[in-house]
Structure formats: structure tokens, C-alpha cells
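Enquirer: The residues making up each chain are set out below.
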Amino acid sequence: GIQVEQSPPDLILQEGANSTLRCNFSDSVNNLQWFHQNPWGQLINLFYIPSGTKQNGRLSATTVATERYSLLYISSSQTTDSGVYFCAVEWNRGSTLGRLYFGRGTQLTVWP
Amino acid sequence: NAGVTQTPKFQVLKTGQSMTLQCAQDMNHNSMYWYRQDPGMGLRLIYYSASEGTTDKGEVPNGYNVSRLNKREFSLRLESAAPSQTSVYFCASSSDGLYTEAFFGQGTRLTVV
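If you read the sequences in order, they're chains A and B.
Anchor point for the first sequence: position 35 equals 46 in my numbering, and the numbering is continuous, going up by one each time.
Anchor point for the second sequence: position 97 equals 99 in my numbering, and the numbering is continuous, going up by one each time.
The hints are simulated quantities; they were obtained by calculation from the structure and are not laboratory data.
There could be a bad hint or two in this list.
Said to hold, decoys possible - Straight-line distance between alpha carbons at most 35 Å, and here's what the computed DSBU-like set of lysine-lysine pairs gives:
| hint | chain 1 | residue 1 | chain 2 | residue 2 |
| --- | --- | --- | --- | --- |
| 1 | A | 65 | B | 16 |
| 2 | B | 59 | B | 16 |
| 3 | B | 59 | B | 11 |
| 4 | B | 73 | A | 65 |
| 5 | A | 65 | B | 59 |
| 6 | B | 11 | B | 73 |
Claimed, not checked - What the simulated footprint calls covered on chain A by chain B, stretch by stretch (three residues with Cβ under 8 Å from a Cβ of chain B suffice, anywhere in the stretch; the number is not a length):
| hint | stretch |
| --- | --- |
| 7 | 53–61 |
| 8 | 102–111 |
Quantities reported herein were computed from a predicted structural model and do not represent experimental measurements.
Note that the Cβ used here is the ideal one computed from N, Cα and C, for glycine as well.
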């Protein structure tokens with residue numbers, strides 16, 4: 012299958028700081044999504060971004076599919092940003108349409 | 003608009019007991035999925051359904067069965083629960099599978115003792 016690697020595995024920030032999370036993948040993909048898993052365990056859709064750049068408030072994401080990576084930027088972080096951030100891809104050689112392959116996530120902790 | 007709804011949210015089972023996890027979506031999506039999440043790992047696919055009446059195995063199907071009851075509902079059954087099935091289970095749906103965004107339910111935290 013496809014390998015999805017996220018870095019860093021853990022990130023601790025002070026409120027107000029900026030951060031960049033990275034997702035590398037080993038093969039071509041049809042789709043890439045970023046999720047935030049909040050402390051209650053819910054998976055929140057952040058971005059559907061198979062290529063290009065998108066912004067939503069303090070968050071933005073860029074995917075360079077030809078170079079097999081995606082970046083998630085968080086600016087002016089807040090304590091409510093804490094949780095685990097997952098990158099997930101739909102492998103275009105996969106046998107299951109729509110199946111997402113997940114990275115292990117980045118655990119973000121934001122201190123007041 | 004509820005999106006993807008799972009029940010129950012929490013469950014404790016004894017080894018050997020059976021149970022069914024329910025999932026329903028109101029987005030008129032064709033494809034539905036069951037994933038499990040274990041500590042320190044991303045989600046892994048258990049089963050999926052590309053349309054009503056069809057199901058297929060994912061990466062970790064052993065010990066599970068599924069039913070796509072209709073377009074809205076996709077259930078996951080544990081016939082004889084084992085401690086190795088202690089996990090958080092997520093149901094997801096997407097419009098047509100390929101090139102479309104997936105949406106997840108709130109998860110079911112299952113403990114097998």
C-alpha cells in the first residue's frame with residue numbers, strides 16, 4: 012500500500028505561535044484530506060485538498076501532488092487548536108474507491 | 003443536518019458477547035466505510051460499501067461482519083468480541099468514493115474485557 016508519514020509526531024506551542032505540519036506520501040493520490048481530532052475524539056474535516064492551496068481562517072493548507080507532500084499551516088494558535096491532526100490520502104492505485112490511508116498524526120498541544 | 007451519526011458512543015462488552023454498531027448518513031452518499039483507530043495509529047479500514055447491497059473487505063476485516071441495510075445505513079457486527087477488538091470505531095461516508103470528500107461520525111469507543 013501507500014505510506015503516509017506525518018511530522019513532527021508531537022508539537023508543543025504557546026498560544027499565539029505559528030506552526031507547520033507536514034505530510035509526505037509515497038505514491039500518487041487522487042485525494043488528500045486534513046482532519047483535526049479534538050480531545051473528545053471527533054474527527055473534524057479541515058481541508059479537502061488534492062492539489063493547490065486553500066485557506067480557512069487561521070488555517071491554510073498546500074498540497075504539491077507532483078512532489079508528494081502536503082503542508083498544514085496554523086497561525087496565531089489557540090488552546091482550542093489542541094488535538095491530533097491527521098493527513099489521509101486516497102491512493103490512486105488502491106483497489107477500494109474512496110478508501111483513505113491515514114498517517115499516524117501530529118499531536119498538538121497549545122498552552123495558554 | 004446531522005451528517006454521519008453513530009450509535010452507541012460508548013460500549014463495554016465481555017469476551018464472547020456480540021453487538022452491532024449502527025451508522026446512518028443523511029447526505030445521500032453512495033459509499034460508506036467502517037474504520038478502527040488504535041492508540042498511536044491512524045485509522046484502518048475494516049469494511050466498505052460502494053452502494054446499497056454491496057460490501058467488501060478492507061485491511062482488517064477478521065472478526066467483523068457488515069450489512070448495508072439501505073442507502074442511509076451501514077452496520078458493523080461483532081459476533082464474538084475479543085479483547086483485540088478494543089478500539090475506537092468510526093463510520094464514514096462519501097459521495098461516490100473517488101475524488102470526493104469523506105465525512106466521519108463521532109466514533110464509538112468499545113472496550114472488550
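Enquirer: For each hint, tell me whether it holds in the structure or not.
Expert: Hints, verified against the model:
{"no.": "1", "hint": "65(A) <-> 16(B)", "verdict": "46 Å, violated"}
{"no.": "2", "hint": "59(B) <-> 16(B)", "verdict": "25 Å, holds"}
{"no.": "3", "hint": "59(B) <-> 11(B)", "verdict": "24 Å, holds"}
{"no.": "4", "hint": "73(B) <-> 65(A)", "verdict": "32 Å, holds"}
{"no.": "5", "hint": "65(A) <-> 59(B)", "verdict": "34 Å, holds"}
{"no.": "6", "hint": "11(B) <-> 73(B)", "verdict": "22 Å, holds"}
{"no.": "7", "hint": "53–61", "verdict": "holds (count 5)"}
{"no.": "8", "hint": "102–111", "verdict": "holds (count 5)"}
Hint compliance for this structure: hint 1 is the single one not met.
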